[in-house]
Structure formats: structure tokens, C-alpha cells
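Engineer: So the chains spell out like this:
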Amino acid sequence: MSNTKATPEDVKRLGTLARLDVAEGDLARFAAEFDSILAYVGKLDELTLPKSDRNLSVVRNVLRADETPYESGTWTERIVEQFPVKEGNSLSVKKIISHD
Amino acid sequence: MTKSLNELSIIEAASALRAKEFSVRDLWDACANAAKERNPELNAFLELFEADDAAIESAQKRIDSGHAPLLCGIPLAMKDNILIEGKIASAASKMLANYRATYDATVTKKLKEEGALFVGRTNMDEFAMGSSTEHSAYGPAKNPLDTSRVPGGSSGGSSAAVAANLALAALGTDTGGSIRQPAAHTGLVGMKPTYGAVSRSGLIALGSSLDQAGPLTKSVADAKLLYDVMKGSDPLDATTITSDTYTKKEAGATLRIGVPRHLLAEGIDEDVAAQFESTLAALEAEGHTLIDVSLPTSGYALPVYYVIMPAEASANLARFDGVRYGLAERGGTLLEDYVKSRTSGFGTETIRRILLGTFVLSSGYIDAYYRKADQARGVLRAEYDAAFESCDVIAFPTTPSPAFKFGDKSDPVSMYLEDIFTVTANLTGMPAISVPMGNVERDGVSLPTGIHFTAPLGADDLLFRIGALVTGETL
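Top line first, the protein sequences correspond to chains C and G.
Counting from 1 along the first sequence, just add 1175 to a position and that's the residue number in this note's numbering.
Counting from 1 along the second sequence, just add 46 to a position and that's the residue number in this note's numbering.
Honestly, the hints are just simulated from the structure, not real lab data.
What you are looking at is a predicted structure, and each value in this text was computed from that prediction instead of being measured.
Please note that the accuracy of each hint is not assured.
Stated by the list, open to error - Here are the simulated DSSO-like cross-link-like pairs (lysine-lysine), alpha carbons at most 27 Å apart as the crow flies:
1) G/K140 x G/K418
2) C/K1261 x G/K140
3) G/K386 x C/K1270
4) C/K1187 x G/K386
5) G/K133 x G/K386
6) G/K418 x C/K1218
7) C/K1269 x C/K1187
8) C/K1180 x G/K455
9) C/K1218 x G/K455
10) C/K1261 x G/K386
11) G/K133 x G/K156
12) C/K1187 x G/K140
13) G/K140 x C/K1269
14) G/K66 x G/K156
15) G/K455 x C/K1187
16) G/K133 x C/K1261
17) G/K107 x G/K140
18) C/K1269 x G/K386
19) G/K140 x G/K155
20) G/K107 x G/K156
21) G/K294 x G/K156
22) G/K133 x G/K66
23) C/K1180 x G/K418
24) G/K82 x G/K49
25) G/K140 x G/K386
26) G/K49 x G/K140
27) G/K49 x G/K107
28) G/K82 x G/K66
29) G/K66 x G/K107
30) G/K140 x G/K82
31) G/K418 x C/K1187
32) G/K140 x G/K66
Stated by the list, open to error - Label pairs and their computed distance ranges (CB to CB):
33) C/W1250 x G/K49: 42 to 48 Å
34) C/L1224 x G/E96: 53 to 59 Å
35) C/W1250 x G/K107: 39 to 45 Å
36) G/G112 x C/L1224: 56 to 62 Å
Yeah, the Cβ is synthetic: ideal placement off N, Cα and C, and Gly gets one too.
With the hints as extra help, turn the sequences into a complete structure.
Structural biologist: In C-alpha cells:
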């Protein structure tokens, strides 16, 4: 993997995946920085690790009981206040499915 | 009294408040006035809060009643990625410039219950990505000891605020060293608790398996005081631990200090290494034992970190899409709304890490990068566990050099190397502290350096014990 060379096209594609529009003028710089970061991170290549020796943490994820944790409406006003576009207490978003 | 009120430690101020040497209002005014005066130069705070008269009066009453906790009436600084209900919490990003917290972080709630006061919200690297605050969307914070130098990062506004006596102490967050490195660069004590010891509810997430909130203080005793208030399991953070999650290891009357000599052979400034050696020699002279420990995979900790952290960051930052809160730019379609909001909301370093995280998680690379790094993380932890069989704490310098000048680390990898010693504690989840270990001179300016101790999981208290031995405090 230390041979990986990032191209401006790669950066553009990653941008698309991450919902970012990387400006044409920045693509080459990001690609060059990527190469230097990946070369550094590529040190991991030298590392031989024991097979399936994942040292699992003693910490376990836990789920709360499936019940209403607080009274409905407690947070509504504060959250709705943050909406960029709203109708009453509803968040307005653009239509996702188009018919063309 | 020789010190100004804002120069006091929490413990000193708490004792003077009880002796009625001054009032909570006097203490607030001393910090607030110092902050107003120095902040235009230091940019430590992104916002200074108005005095909360009700909170000040109630704190005074509690102290007068004789039943107040030590934090009551103490002015603190809060990092801009920790939510305080009703206040802006922007994580120093344009993305959240207008985001007003809808609830208190669990740590905020605990501090408020104690009666602590908040001077303001402190500058930081955007979304805590950086080691200098140069990645803040609002301009960098300056190191009060030399304003041509960085205060460290990402909690650099917090370290600058406390070092300049604009607050008695501060809260920071630490994903790869973001509390300990700024503490070292400004002559403060900075502590990252065991992963899960302090609730992450209400922190703006960077790397969820790495993040912890912790104190930046003028003394070890203050750090312990804040940690004791902040810690505890929380139903709002399923990863919090209880006091019996980890088996307690008893340390003896003298401590066994592990030193990984093989990691310290190169890359450390000569005078920083000399301060480290003389600090260790002083501990040895007091009867503590130095033990050589081997941590062979530690040399790979930083590459491991720069796979895991961007991977988690790219997932965490996917939530900022311009739909429900924060910056909301509009295009022709919903997809364009996302892309426009994210592209104009995020700064360069944030974009760099999101792209890197997207890369290491993408099909074809996830095995070589993310899964390998995750596996190496387990090995790192096993090596530390093994080392702790023969020692109580492990020591190294917090950073290889003192605070650097603005612009000195403009290429990403050189900035990432600032965290070379600190990231391992985040990867293993182990608690760690940085304590001042003496100054070195650069360009005629005397600059602080820090010694760093890591303790086994759950042994946070041991860090205060060894820290106090270095500073000469009695806890």
C-alpha cells in the first residue's frame, strides 16, 4: 500500500463520496499531501501482526430500555429553532425523488 | 495577598472565598476584566459571556451557608466543542457558527450543579483537528508566554486562557493529545481520563473511540478536583465505565516508573531530554524506581492514529449537512444543498481529514488501512498491559520540543508529529497527564516543557499522585 499514489481524480472521487466539492485548483495540492500522509501511514506495512489477536476491550455497548426517555415536546422548541427552513414545527427539505 | 485574584488556583480561591477575603463577584470581575483586556491580543476566547448575576449570587449564598462544593463560584473557561445550553457551540468552525446548544453536556451539567461559572467559550482547531489552533476558522489563539508562538492545540484557547489568568481553569477535550500538548506548551497541568471515565454526552465528536474531556489547570490538585466532579457513568453515554469496570492495581509507597528508552533515542530536543532526565533523577532520589520498559509497537502508534481518527471523523462529520442546523447553503437539489453547505462550512484541515477517512474506509483499502490499524491498536494495548506488570506508570516527555512558532509546521505530517507521544493513550484508552517539568530557552524566551505519565486503565488517581510528586504539591 505504500506504493499508492493519489491522483487529482482520486481526490475528486473521494470528495464526491464525502459530499464535498473540492475546487479544481486544490485537487493537485490535496493529492500531493495525500501522498505524503499515506507514505507516513504506510509504515504500517512493515508491521507483522498476530492473526486474529484483536484485544477486545472490556467496555461493552449497552442499550437503554425501549421506552420513552422524556416527555414528548420537551425539546421541540429548542430543536425547531435551529431549523434553517421550517413550516410550523416541521423541517422543510427539498423533494428527493424527481420524476424526470 | 501578593497574587491578583485571577492568578489564584481553584483551591486557593475556594479557600479565600470561605475566609471572606473577597466575594464571588470580585473573583468573577477579576477574570472577566482580565479576559476583556487580554483577549483582543490572545484570541483565547471566541466569545466572552456576560456575567450571570443569578449564578454569581447563588454561588455566594451557598458559600456563605458553609455547604458549598469547592468549585462553587469558580470562573472556568469552556472549550467551544462542549455544549452549554443556550450558548453558541461552534467547534471553531463556520459550519456551526450559528449553532446554539439545545442542551447541556453532562460535564457542563455537573459543573453547573457545583456552582461553577463560565467566563466564555475558548478557541480551538476546527472540530479539534490540529495541534496549534492555526486551523481555527476564527484565527489562531496566541501563547501568552510568547505571542509569536502557538499555545498548542486543539485545546489551545483553553490553555492560553488559563496560562494568561483569564480563568482559574479550563475544560478541554483530548482525541490524540489535545489537552496534554497545549498544557505542556503553556506550563499547565493537563489530564486525559481513562476512556469512559467522563461522559462524552454533549461533546462535539471527533473520534468517538478516542475522545475524552478533561481539565487544564494551574496545579495537579485543581486537575484532580475537576476530574472528580466530571467523572462518573452516564446513561446518556453508553461507553462510560463504573469504578469497578477495571481491576484496581495497588501501587506501593514508592512508585515504579517505566521509561521506554528505545522510543526516546532520537527526535527529542537535547534540552527537553535533559529536563526529562533531571525530573526522573529527582523522582529516583526521592526513593522511586526507574524501570526500562519495552513498547515495540509504539513507534507505529502515530500511523495507526492517522488511520483510525480520520476514519471516525469522516463518519462523525457526515451529520453536518445543512439540513437540520448549522450552516445551510442552498442549491438546486437536496444533494447540492449538502455539498454546498459542507464545502463552504468546513476548513481545509477538516476537508483533508474527511477525505483521508473516506479513503481508508473505502472498499479495496479498508483491510490494508483501517482493519490493520484497528488490529495494531489491540497489540499496542497488550504491550502496555504487559509493561504495567513491572511498573505503575510510564513516563516520557509530552512533546519533543517546546511551543513552536506560527507557520513553522505548515505541511500536515510535521503538524501530526506533534502528537507522537500523546496519541498512544487515546488508542489504548489509558489515562494520561502532562505536568510542567521545567523550562528551556528559545530565541531568548524561557518556554515550559511537560513530562507525560500514562497509567493503567482505571488508575486515573495514580496520575495525580505522580504529578504532585513532580510539582511538589501535597494532595
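Engineer: It remains to establish, for every hint, whether it holds in the given structure.
Structural biologist: Now the hints, each set against the structure:
Our distance criterion of 27 Å between C-alpha atoms is broken by G/K140 and G/K418, whose separation comes to about 34 Å. A distance of roughly 22 Å separates the Cα atoms of C/K1261 and G/K140; the hinted pair therefore holds under the 27 Å criterion. For a cut-off of 27 Å, the pair hint linking G/K386 to C/K1270 stands: about 17 Å separates their Cα positions. Restraint check: the Cα-Cα separation between C/K1187 and G/K386 comes to about 15 Å, which is no more than 27 Å; the hinted pair holds.
With a C-alpha separation of about 26 Å, the suggested pairing of G/K133 with G/K386 holds against the 27 Å cut-off. Annotation: proposed proximity of G/K418 to C/K1218 holds, straight-line Cα distance about 11 Å (limit 27 Å). A C-alpha spacing of about 25 Å is found between C/K1269 and C/K1187, which places the hinted pair at or below 27 Å, so the restraint holds. Taking the CA atoms of C/K1180 and G/K455, the gap is near 23 Å; set against the 27 Å cutoff, the hint holds.
Our distance criterion of 27 Å between C-alpha atoms is met by C/K1218 and G/K455, whose separation comes to about 21 Å. For the suggested pair C/K1261 and G/K386, the alpha carbons sit about 19 Å apart, so the restraint of at most 27 Å is met. Proximity of G/K133 to G/K156 is assessed by CA-CA distance (about 17 Å); at most 27 Å being required, the pair is judged to hold. The suggested pairing of C/K1187 with G/K140 holds, with an alpha-carbon distance near 23 Å, which does not exceed 27 Å.
Among the hinted pairs, G/K140 with C/K1269 is consistent with the structure: their alpha-carbon atoms are about 23 Å apart, no more than 27 Å. Between G/K66 and G/K156 the CA atoms are separated by roughly 25 Å; this keeps the pair inside 27 Å, and the hint holds. Proposed proximity of G/K455 and C/K1187 is supported: the alpha carbons are some 26 Å apart, at most 27 Å. For a cut-off of 27 Å, the pair hint linking G/K133 to C/K1261 stands: about 22 Å separates their Cα positions.
Of the supplied pair hints, the one linking G/K107 and G/K140 is violated, its CA atoms being roughly 40 Å apart against a limit of 27 Å. For a cut-off of 27 Å, the pair hint linking C/K1269 to G/K386 stands: about 14 Å separates their Cα positions. For the suggested pair G/K140 and G/K155, the alpha carbons sit about 26 Å apart, so the restraint of at most 27 Å is met. The hinted pair formed by G/K107 and G/K156 meets the criterion: a straight-line CA distance of about 19 Å does not exceed 27 Å.
A threshold of 27 Å between alpha carbons decides the hint, and for G/K294 with G/K156 the separation of about 25 Å falls inside it, so the pair holds. Taking the CA atoms of G/K133 and G/K66, the gap is about 32 Å. The hint is violated against a cut of 27 Å. Of the supplied pair hints, the one linking C/K1180 and G/K418 holds, its CA atoms being roughly 19 Å apart against a limit of 27 Å. Taking the CA atoms of G/K82 and G/K49, the gap is near 19 Å; set against the 27 Å cutoff, the hint holds.
Distance check on the hinted pair: G/K140 and G/K386 sit about 13 Å apart at the alpha-carbon level, within 27 Å; holds. Restraint check: the Cα-Cα separation between G/K49 and G/K140 comes to about 39 Å, which exceeds 27 Å; the hinted pair is violated. A threshold of 27 Å between alpha carbons decides the hint, and for G/K49 with G/K107 the separation of about 25 Å falls inside it, so the pair holds. Note on G/K82 and G/K66: the hinted pairing holds, with a Cα-Cα distance of about 26 Å set against a maximum of 27 Å.
In summary, the hint linking G/K66 to G/K107 is supported, as the alpha carbons are separated by about 12 Å, within the 27 Å threshold. With a C-alpha separation of about 23 Å, the suggested pair G/K140 and G/K82 falls inside the 27 Å cut-off, and the hint holds. Straight-line distance between C-alpha atoms of G/K418 and C/K1187 comes to about 26 Å, which keeps the hinted pair within the 27 Å bound. As the CA atoms of G/K140 and G/K66 are separated by approximately 44 Å, the hinted pair breaks the 27 Å bound.
At about 44 Å, the beta-carbon gap between C/W1250 and G/K49 stays in the expected band of 42 to 48 Å. A beta carbon spacing of about 54 Å between C/L1224 and G/E96 agrees with the range 53 to 59 Å that was offered as a hint. As the Cβ distance of C/W1250 to G/K107 is approximately 31 Å, the hint placing it in 39 to 45 Å is violated. Taking the beta carbon of each, G/G112 and C/L1224 are about 59 Å apart, inside 56 to 62 Å as hinted.
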